[in-house]
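K.L.:
With the hints as constraints, model all of the structure from the sequences given.
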Amino acid sequence: MFFHLKLMAVRSTAAFLHSVKDLIIRLMIGCNINLHLLLGQLISLKDVLFLTLALYFLGTGILGKLT
153 MFFHLKLMAV
163 RSTAAFLHSV
173 KDLIIRLMIG
183 CNINLHLLLG
193 QLISLKDVLF
203 LTLALYFLGT
213 GILGKLT
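Under our numbering, the letters of the sequence shown match residues 153 to 219, in that order.
Careful, some of the hints might be misleading.
[As the list claims (entries may be wrong)] With a cut-off of at most 30 Å between alpha-carbon atoms, the simulated BS3-like pairs for lysine-lysine come out as follows:
| # | residue 1 | residue 2 |
| --- | --- | --- |
| 1 | Lys198 | Lys158 |
| 2 | Lys158 | Lys173 |
| 3 | Lys173 | Lys198 |
In short, the hints are calculated from the structure, not lab data.
P.N.:
Pasting the structure below:
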């Protein structure tokens with residue numbers, strides 16, 4: 153059950169970041185910004201996703217040891 157809750161949290165975080173990425177892409181295409189900046193945003197969003205997941209699992213590991 154606890155693993156299922158962690159999986160749901162990871163999925164909701166990933167879905168949120170994916171929607172943010174889509175919004176940034178649509179804004180950039182609408183503003184006619186060049187492809188280099190678009191690719192830079194995609195790479196940085198992927199890094200944010202991995203950092204968020206790492207912090208989440210680190211936090212749940214620490215909380216699991218405390219309780």
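K.L.:
Of the hints stated earlier, which fail here?
P.N.:
none
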